[in-house]
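Letter by letter, the chains look like this.
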Amino acid sequence: GDSVTQMEGPVTLSEEACLTINCTYTATGYPSLFWYVQYPGEGLQLLLKATKADDKGSNKGFEATYRKETTSFHLEKGSVQVSDSAVYFCAVVAGGGNKLTFGTGTQLKVEL
Amino acid sequence: EPEVTQTPSHQVTQMGQEVILRCVPISNHLYFYWYRQILGQKVEFLVSFYNNEISEKSEIFDDQFSVERPDGSNFTLKIRSTKLEDSAMYFCASSEVQGYGYTFGSGTRLTVV
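Quick note, the sequences are listed as chains A and B, same order. Be aware that the first sequence starts at 1, since it is given in this note's numbering, and climbs by one per residue. Be aware that the second sequence starts at 1001, since it is given in this note's numbering, and climbs by one per residue.
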């Protein structure tokens, strides 16, 4: 079945540091890829998405590029803020599929 | 922006009791889903629902679970006889297109004691 592997957390960074959270996937067909964010005490919010190879999703300074050759969708941000502290989930929907498969989540803590 | 609304936000129930978690999906969405997140663990798919029937379910979604769309707006998850291990955050989601454009609700935290 589909699966997502993302780097273990927690990741602790200083404000304005660079962020990379690795994500790789296995899925059938031509999957769509997503990053969701969960702020403390809240639900899941879509951060960004990409639906085909070489697409770059971006939002709020975060970016991720759909790399079919490496089956990866790494999340990056050039300068993190304290307000970015949250849990980030990589997710995939297989081509023609109906359900999201999530990674285990990576907790990000950004300190002053 | 349209939202998926879930009620209650937090429910505490005794083991063995029945609970119903409620969701109001976005009005023009056709696909509905329930997901579960046990504290500190990954978000897991439970069930998808389309055209008034279950389209897919996970192995977690056993006979104690059921879903229903009792009217044109609500989508419910019923757990018949709750167990301690059912304690989790339950998320409802809806989408206009299959497998794309999900919107999640803010979740119901279920605590079974």
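If you're looking for bench data, these hints aren't it; they were derived computationally from the structure. Just to be clear, a hint being listed does not mean it is correct.
[Unchecked claim] Heads up, simulated EDC-like pairs for lysine to aspartate or glutamate below, C-alpha to C-alpha not over 20 Å straight-line: (1) B/K1057 x B/E1085; (2) B/K1042 x A/E8; (3) B/K1057 x B/E1001; (4) A/K60 x A/E111; (5) B/K1042 x A/E42; (6) A/K60 x B/E1001; (7) B/K1042 x A/D2; (8) B/K1042 x B/E1085; (9) B/K1057 x A/D2.
Here is what the structure says about each hint:
1. B/K1057 x B/E1085: Roughly 19 Å between the alpha carbons, so the hint for B/K1057 and B/E1085 holds.
2. B/K1042 x A/E8: holds (12 Å)
3. B/K1057 x B/E1001: violated (29 Å)
4. A/K60 x A/E111: Holds, at about 19 Å.
5. B/K1042 x A/E42: It holds: about 15 Å lies between the C-alpha atoms, which stays within 20 Å.
6. A/K60 x B/E1001: holds (17 Å)
7. B/K1042 x A/D2: Answer holds: B/K1042 to A/D2 is near 14 Å, not above 20 Å.
8. B/K1042 x B/E1085: Status holds; Cα separation ~15 Å.
9. B/K1057 x A/D2: The hint holds at about 14 Å.
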